[in-house]
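A.B. asks: Going down the list, the sequences are from chains G and W.
For what it's worth, my numbering labels the leading residue of the first sequence as 1, then goes sequentially.
For what it's worth, my numbering labels the leading residue of the second sequence as 1, then goes sequentially.
Worth double-checking, as some hints may not be accurate.
Unchecked claim - Distance ranges between label pairs, derived from CB positions:
#1 D48(G) <-> G10(W): 26 to 32 Å
#2 D14(G) <-> D41(W): 44 to 50 Å
#3 A46(W) <-> G135(G): 30 to 36 Å
#4 R110(W) <-> R117(G): 41 to 47 Å
The set of hints was computed from the structure by calculation and includes no laboratory data.
Beta carbons: idealized from backbone N, C-alpha and C, even for Gly.
Here are the chains, one letter per residue:
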Amino acid sequence: MSEHDASARRHADDYSDRVGREFPGGSYTITPWRTWLVADTLLDDPWDETPHPVLAWMAGVAGMGMTWDDLFAWFDAGPEDGPMFGEHRTTLHLPLRRGATYDVTGRIVSAERKVGRRAGAFDVVGYELDLHLAGEHVARCYNSIVFPRRDA
Amino acid sequence: MSDRSAVEVGSPIPPLQVTVDPEKMKVMAALLSDPTPIHFDTRALAALGMDERPVNQGPLNMGYLQTMLARWAGGRDRVLDFRVRFLGNVLAGDVVRAHGVVTEVSDGDRGRVATCDIALDVVGGAVALSGTAEVLLDEAPAVPSTRDQELT
Numbered sequence: 001m002s003e004h005d006a007s008a009r010r011h012a013d014d015y016s017d018r019v020g021r022e023f024p025g026g027s028y029t030i031t032p033w034r035t036w037l038v039a040d041t042l043l044d045d046p047w048d049e050t051p052h053p054v055l056a057w058m059a060g061v062a063g064m065g066m067t068w069d070d071l072f073a074w075f076d077a078g079p080e081d082g083p084m085f086g087e088h089r090t091t092l093h094l095p096l097r098r099g100a101t102y103d104v105t106g107r108i109v110s111a112e113r114k115v116g117r118r119a120g121a122f123d124v125v126g127y128e129l130d131l132h133l134a135g136e137h138v139a140r141c142y143n144s145i146v147f148p149r150r151d152a
Numbered sequence: 001m002s003d004r005s006a007v008e009v010g011s012p013i014p015p016l017q018v019t020v021d022p023e024k025m026k027v028m029a030a031l032l033s034d035p036t037p038i039h040f041d042t043r044a045l046a047a048l049g050m051d052e053r054p055v056n057q058g059p060l061n062m063g064y065l066q067t068m069l070a071r072w073a074g075g076r077d078r079v080l081d082f083r084v085r086f087l088g089n090v091l092a093g094d095v096v097r098a099h100g101v102v103t104e105v106s107d108g109d110r111g112r113v114a115t116c117d118i119a120l121d122v123v124g125g126a127v128a129l130s131g132t133a134e135v136l137l138d139e140a141p142a143v144p145s146t147r148d149q150e151l152t
């Protein structure tokens, strides 16, 4: 069975034991080229040197120390299952700086099975990511991922 | 940039309207190292029985709203808190409109802050994102350091 063979993979009924699991963590540099390209993909001004706020979340996921595939696998899912964003929150305690390298930590904060009338069964998994610079807490991002469980 | 001194409860945020470009999604997929094929692979979309137009990434949809807030508030570093729920997909070629309204104006440690209700609509379609944000309208005056006080 392929690691991402959704048809053959079995899902647990309860993933609450993953809550509290820490990401390996790492670091992320808001390089000038990333600042430029992110603004350009948003059809915003790429020559504005102030990093776009969406880079807080991008820095978090890029620096969390694992791939999307790794994270999905913690919940017996893969990209072909169609995981979706649920909710998002970014809180910036300090402005982002172009050229700065942020230390990233993060963890799973919730995992809940739900059943929708139309959507059927799905798991909502919440995680949070923290950015630190020189010991100061710069930002926290919370995000939830919705994993459809068509076979549950 | 608008006149921030006149901001009050009920003030509208100048809306931002963009046409979603699938080429930008490919760049964002690379920036995010996001393997999810629905953002770039039209054959994968067809295999999933979905509309063959690629699905815009959540961070891009968030970013349009943050761009609107930043332009209004006078800088990308003025978005302090941003919270949204993902309600629907945005597809390549869609025209989306970011908009918002001020619900509270308050003074805090960082200065004068506006709390806003925000949403991203697909023009002619449904609401894709909705939520709230806090943006800095005017920074609090710098507090003189002890040394500055000693010198005056």
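A.B. asks: A range of 41 to 47 Å was offered for this pair. Does it hold for the Cβ distance of R110(W) and R117(G)?
C.D. replies: Since the Cβ atoms of R110(W) and R117(G) sit about 43 Å apart, the hinted range of 41 to 47 Å holds.
A.B. asks: In this structure, is the beta-carbon distance linking D48(G) and G10(W) contained in 26 to 32 Å?
C.D. replies: Since D48(G) and G10(W) have Cβ atoms about 29 Å apart, the given range 26 to 32 Å holds.
A.B. asks: Quick check on a hinted range of 44 to 50 Å for D14(G) and D41(W), using CB atoms only.
C.D. replies: violated (33 Å)
A.B. asks: Note whether the CB distance of A46(W) and G135(G) lies within 30 to 36 Å or breaks it.
C.D. replies: Once the Cβ atoms are compared, 50 Å apart, the range 30 to 36 Å for G135(G) and A46(W) is violated.
Hints 2 and 3 from the earlier list are contradicted by this structure; the remaining hints agree with it.
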